[in-house]
Amino acid sequence: MKEFRDKRFIKALLRVIKEKIPSSPQPVRIMEVCGTHTMTVHKYGLKTMLENSGVEMISGPGCPVCITPNEIHEAAIDLVSQKRNIILATFGDMTRVPTRKGSLQTIVPAPGSKVKIVYSPQESLELARVEPEKEIVFLACGFETTIPSIALSVKKAFEQGLANYSILSALWLIPPPLKSIVDAGEIKITGFLYPGHVSTIIGKKPYEFIAEDYGIPGAIAGFEPGDILLAISSILDQIKEGKPEVFIEYSRAVRPSGNPIALALMDEVLERKDAFWRGLGVIPASGMRLRKKFSAYDAETKFKLKIKEGSGDLPGCRCGEVLRGLIFPSQCSLFARKCNPDSPYGPCMVSFEGACLVYYKYNRLDSEV
Amino acid sequence: MCLGIPARVVEINDFQEGKVDYLGTKVKTNFSLLENIKPGDWVIVHAGFAITKLDEEEAQETLSLLREIAKLDYQQK
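Listed in order, the protein sequences are those of chains A and B.
Take the first sequence: its letter number 175 is residue 175 in the working numbering, and every next letter is one higher.
For the working numbering, count along the second sequence from 1 and bump the result up by 1000.
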């Protein structure tokens, strides 16, 4: 695996990429959809190296914590602060997202209630077993990578009759927002770096419309520097040959048709719904809710939660534009000032894969100059 | 959030639960999303679940592609 980080290979690949840049005046602009790719691109300094080779990398909506709109966080906050004996379980990043009502970490829970950070959906299901007198609400946030294991937790609760378990859905599908971004036409994207781990589940087919209908090339990439550069090299080849496709660079982990067991499980437990994304608005069939058979496990109906779409970001927060690739984090006037990792003002500064936090960690000197 | 770590399977029981070795640490892992997993296999683990099995041959193939591009580049220089 070391070779994927080998300096000589990286240098050679960068030279090859530079040679492959088409001579058109249009800049080569590649959107890395996945937050973990954003991390690799910046952590290894690829962003600047690629710029010097003629490729501009922009971050997309690939961080589920970032794109979950505030109204879902606020519904969770209301629930745990107003209702007794609730254990609100969720992933760590989700507890730090600031809203008008504070964050899950700063609010005072109702008597007998608390917020609990879990590492996996299975852990939250386990809570339902060991704390039968409490209601366990899992604020379930994730893309296709995480959705199957969340679906499994609901299926198990159903089979084992654990009636004190429910999920508050913040489940998002990756291909629909890509269509929205291309349709909106706010930025011209030359190619897509498709997420590696989402694709282990969904395979390559769900992205094919981008190559077929829009003529935009793309590659599913792994997470080593060599992976990213190989994927970009493939995108440039596709441009040169005029044959856009979905190339699987991360073939050691991604099968063309994805993970059939995980896909079947998702389909058994959940169905698609129109969903509201931070910064992107309502996107058709881009979210997931429990199917009727499992509706008793839906926290939204169980606790009659009122989730009002578009209740809004904090004033001045530009995460929405960052998520659409319209601005770099450093172009937000709050960046590294009012909004920083110790006291994040927007979700993109909270999550380890949020573009703002990644920029803060690895590019701050550049962006402050 | 979609962070996944490559790890080697150490043990797996009939309930598809077991452990992986990640840089020397044994981590509890659920294998329900995969089939025919056995100790010694390499998998990607995300949020406590193994989500895909790593394919050694494919990894070698990607590496040879990498080597080839690098070699081509050296020859040109």
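Check each hint, because a few of them may be wrong.
The list that follows gives simulated cross-link-like pairs (lysine-lysine, BS3-like), each with its CA atoms no further than 30 angstroms apart [stated by the list, open to error]:
| # | chain 1 | residue 1 | chain 2 | residue 2 |
| --- | --- | --- | --- | --- |
| 1 | B | K1026 | A | K116 |
| 2 | A | K18 | A | K2 |
| 3 | B | K1019 | A | K156 |
| 4 | A | K240 | B | K1071 |
| 5 | A | K155 | B | K1071 |
| 6 | A | K2 | B | K1071 |
| 7 | B | K1028 | A | K43 |
| 8 | A | K156 | B | K1071 |
From the derived model, a few chain A residues whose C-beta atoms are all more than 10 angstroms from chain B [claimed, not checked]:
| # | residue |
| --- | --- |
| 9 | K243 |
| 10 | G281 |
| 11 | L334 |
Computed footprint of chain B on chain A, listed as stretches where at least three residues anywhere in the stretch have a Cβ under 8 angstroms from a Cβ of chain B [as the list claims (entries may be wrong)]:
| # | stretch |
| --- | --- |
| 12 | 12-23 |
| 13 | 27-38 |
| 14 | 79-91 |
| 15 | 116-127 |
| 16 | 292-302 |
| 17 | 312-326 |
Quick caveat, the hints were computed from the structure, so don't treat them as lab data.
For glycine and all other residues, C-beta sits at the position ideal for the given N, C-alpha and C.
Looking back at the hints listed earlier, which ones does the structure fail to meet?
5, 8, 14, 16 and 17
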